[in-house]
Amino acid sequence: MNITLIKKLVSTNAGYSTLALRLPIAIIFMAHGAQKLFGLFGGYGLEGTGQWMASIGLEPGYYMALLAGGAEFLGGIALLIGLLVRPAALMLSITMLVAIFSVHFANGLFMSNNGYEFGLALLAASVSLMFSGAGKVALDNVLKQRLG
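Residues in the sequence shown are numbered consecutively from 4, following the working numbering.
If you're looking for bench data, these hints aren't it; they were derived computationally from the structure.
One or more hints might be untrue.
Think about it this way: if two alpha-carbon atoms lie no more than 30 Å apart in a straight line, the pair counts; the simulated DSS-like pairs of lysine-lysine are [what the hints assert, rightly or not]:
no., residue 1, residue 2
1, Lys147, Lys10
2, Lys139, Lys10
3, Lys147, Lys11
4, Lys139, Lys11
All values reported here derive from a predicted model rather than from experimental measurement.
Model the full structure from these sequences, guided by the hints.
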């Protein structure tokens, strides 16, 4: 891969405020991914999540569960440590768009009706990080330094 492209992906002019956004969002995404992948925190694991995804028309369900769970869990880890935050945030944004429009949109805005407000908040945070980058406290800065 082109080193110039990698430098652009990891560069940021953001300060410390992105850390305050990255950490809670990372924890939320990691927990949701762990539900889908491993059945932790009351989740159904890959098999159960895959069956549910297939039942709502996201086929093949098992692979969709693997993609969504992987994006959430690994993307959450990336946000937590501040490594490749822009690409991780892009993948998380796409995951949230799919969740919003395939599951929650028809239920309206509010969470009390299984609406899309929580997904929208996670989407907004992900898009913000995609534009801002990781900020000052992140492994992206170490990577950029090492690349020269």
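Tested hints:
1. Among the hinted pairs, Lys147 with Lys10 is consistent with the structure: their alpha-carbon atoms are about 6 Å apart, no more than 30 Å.
2. Restraint check for Lys139 and Lys10: the C-alpha separation of about 15 Å stays at or below 30 Å, so the hint holds.
3. Simply put, Lys147 and Lys11 have alpha-carbon atoms about 9 Å apart, close enough for the 30 Å limit, and the pair holds.
4. Of the supplied pair hints, the one linking Lys139 and Lys11 holds, its CA atoms being roughly 15 Å apart against a limit of 30 Å.
Every hint, counting from the list given before, is met by this structure.
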